[in-house]
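Okay, here's what each chain looks like letter by letter:
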Amino acid sequence: MTDGGRRTRLTVVVLAACFTISIIAVSVSGQSETVSIAPADTAIAVRPPAPPTSVVAEDYKYDNAKHLVLSWVPSIDDQPGRTLVLGYRIFRSSGGGAFMPAGSALPGASSFRDERLSKDSSYVYYVAAVSATDTVASIKTQAISPKREYLHLDLVWLFVIAFCISSSVIYFIWKARAGKKLFVRKIAGLDAVDEAIGRATEMGRPILFIPGIQDMDDVQTIAGLTILGRVAKQIADYDTRIRMPVSRSLVMTAARETIKAAYQIAGRPDAYSDDMVNYVTDEQFGYVAAVDGIMVREKPATIFLLGAFFAESLILAETGNSIGAIQIAGTARPAQLPFFIAACDFTLIGEELFAASAYLSGEPKQLGSLKGQDVGKGLAMAAILLGVLSVTLGQAFDIGFFNWLADGLSTIFSAAVE
Amino acid sequence: MKRQVPLFITFFVGTLLIVSVFSPPIETLGEDFSVFFDIIAVFAFFLGGGNLLRVHLTKISRRKHDWAYSIVTLVGFVVMLWAGLFKVWNEGGIAASVTAEESLFGMIFNSVLIPLQSTMYSLLAFFIASASYRAFRAKNREATILLVAAFIILLGRTAFGTMLTAWMPSSLSAMEIPNLAIWIMNSPNLAGQRAILIGIGLGVVSMSLRIILGVERTYLGDDGK
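As you go down the protein sequences, you meet chains X and U in turn.
The first sequence: position 352 = 352 (my numbering), numbered continuously.
The second sequence: position 114 = 114 (my numbering), numbered continuously.
Next comes chain U alone, as it looks inside the complex:
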């Protein structure tokens, strides 16, 4: 029974949502279920916040390795919660918008959180450089093709690439580096991406059917055997 009830709910709701795509009277069912999900997710915030507090309070109380960082986390959590809940420094008081710029919440968000996010995001530039270096090493035939294609695209997106082949006659314009770059992006690259997308679509259908039909039960902690 513990297994059968969730399996029945999954089958019933899954089938209903598939039918809703083809039947106008229940066409909004998918959106309605999304709203239900959002409501459940809001309540789950309490679980997340509670877990965060428990994990870091335990770490501090037991003086685990790097416990001092947990104090920073907890102070940040509590201050943001306090500033947001009580609308600290909001001009309109408790009725004002929580994201008002002059409020403490808004100030911390704009002056601390956004710069920190930008800092993390900017790391991506350095990681792209190191990953590209590894990916473009011409170790074998595939890597060499990747290197050549990447080189053409990089050059094609710069003024230098345009300048390099500007002397070519118009009859050979297809061989100009910017045009080659466009061709690589629009033809082989797009075709490859679409092939992956078709595979993803089929994979989603197959996996959804496995779950709806109860063949895949791992999420219930059942290996199906």
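Excised from the complex, chain X in its bound form:
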């Protein structure tokens, strides 16, 4: 190698242990100079990582004395470009006992939530930074016990919103009981129920009632069954046949009870038969195949699709459409609503499914609950309008009041949603 005309001999010494490269330049005259090249990443690879600092254990807010939260400042060797730390291990001592592993965290993490603790014990923690060769512990935390809170104060806004809506529903039920006349808008799909049952009666064909594919723990299934109660009473009055294949055993028993009670109210308990409701399968597409088969073979004049539906919604609704049945559908799953709208004669959109039973009953106290729902809608509309205006005006004119309002609304509804 030449260096300004001088010949230079290079000796490269690789110190394998620390990966530092030393270059010894020796001139022709015999003078030598050593230059060490030690890139940051490689130079620190041999030493233990720095431990995490400021390790603090705190009570986890608003829980049942089961959790503690540990936070720390990551090791200085756990940063972009200095990735010596492979992760962290958390050690816990319970009631003054030995330290045991409590969990681990990935590089870059700065907190850990310890679970399944007891409020009767005190806990001390330390966090260890782990490298390929070493585990370096932080200092220990103060002893701490988890505390129990009785109210979830983070949910105060959710409580306020729920309280307002619930109060308005109860208030209007009470007003309706007191005899106040309430206006409820017409719902075309529910007005058509009478007509649909009448049509099946005239044609001498059965009515097919499908309550979705979810179990009794789904509110949509319950909504479907409350409508079934009203429909079954009319069916009993008209002496029409009903077929109800179900995909859940509990729905089968609940539906049988509902229909049986409706026949008793109609004064025709002898006309009821358990065969009106039958279990098919829990399997989604097996159920679809069976119901499609019933539609094609028995050609019901009217089909009710009321409950929770998924991918099977369009297959059922299109088959029903192909046999010329009047179809009244309703679900609270927005993704399935377009299919029902395209394939059915009437569709109960979202809230209409839950309002159906009250609407069909025509009882003032039930209709009162629908009126209370409208107050909730009014609140939602006001909040949306206020939010849009405050964000728009706040950003356009940088007016402090509107920014404050926008932040406040965001806080209220974010807390409520979380």
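Be a bit skeptical, because a hint or two may be false.
To be verified - Think about it this way: if two alpha-carbon atoms lie no more than 35 Å apart in a straight line, the pair counts; the simulated DSBU-like pairs of lysine-lysine are:
#1 X/66 with X/119
#2 X/186 with X/260
#3 X/186 with U/139
#4 U/2 with X/260
#5 X/377 with U/139
#6 U/2 with X/181
#7 X/61 with X/147
#8 U/87 with U/59
#9 X/147 with X/119
#10 U/59 with X/299
As the list claims (entries may be wrong) - Covered stretches of chain X, going by a simulated chain U footprint (3 or more residues, C-beta under 8 Å):
#11 59–65
#12 340–354
Hints were generated in silico from the structure; no laboratory data involved.
Since the structure is predicted, the reported quantities are computational estimates derived from the model, not experimental observations.
Glycine included, C-beta positions come from ideal geometry on N, C-alpha and C.
Assemble chain U onto chain X, guided by the hints.
Relative to chain X, chain U alone:
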């Protein structure tokens, strides 16, 4: 009494579950009740299976219309039950996993049930085509708006849609078909969906209160009058 006891249980449990949302000491109550429900649902399987057997055996014995299909149903039910209960062809015997691939249960599941499910699911593609044809007929103003919006979204999701408006200057990029499609999905469509979701939330609150307060009693076979 027959009505009052279920109404009291509904009121008590409903109120307790609402309180559990706001009170940490009983915050797991909802999950616990879900477990209770699952246990009850497991026992209800026997009711379902029993009903399936009864319905199809009656159909076969009385030679009702299409009774031969009931034989297929019953054979399928009994074979699957036998293969699953007795772990037929499972390598580890009765202690092995019921879903092991080499077992008879696994083979029937993978070779018969899954293809049948896929067949039913694939029907959806044809039904989407027929439903779209009906929905997109421009019979009135609303249907025309639906048709135009659907057309833009369909085009916007294809390379052809991108190509059609690629010549537009960057100042008009918002009018490019893919961007229009994104705008339709993110603005009017999302706003509509959220409106429906708010309505659903309110409907659930209203209906739950009706049931908890005993105003809605249809599920008990009582019309409340």
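Hints, verified against the model:
1. X/66 with X/119: Holds - the C-alpha atoms of residue 119 of chain X and residue 66 of chain X are around 7 Å apart, at most 35 Å.
2. X/186 with X/260: 29 Å, holds
3. X/186 with U/139: 24 Å, holds
4. U/2 with X/260: Roughly 15 Å between the alpha carbons, so the hint for residue 2 of chain U and residue 260 of chain X holds.
5. X/377 with U/139: Between residue 377 of chain X and residue 139 of chain U the Cα gap is close to 32 Å, so the pair holds against 35 Å.
6. U/2 with X/181: 32 Å, holds
7. X/61 with X/147: Distance ~8 Å between residue 61 of chain X and residue 147 of chain X Cα, so the pair holds.
8. U/87 with U/59: Holds - the C-alpha atoms of residue 59 of chain U and residue 87 of chain U are around 30 Å apart, at most 35 Å.
9. X/147 with X/119: Satisfied, since the Cα-Cα distance of roughly 6 Å is no more than 35 Å.
10. U/59 with X/299: 19 Å, holds
11. 59–65: That given contact holds, which follows from 3 residues of the region 59–65 of chain X lying within Cβ reach (below 8 Å) of chain U.
12. 340–354: holds (count 9)
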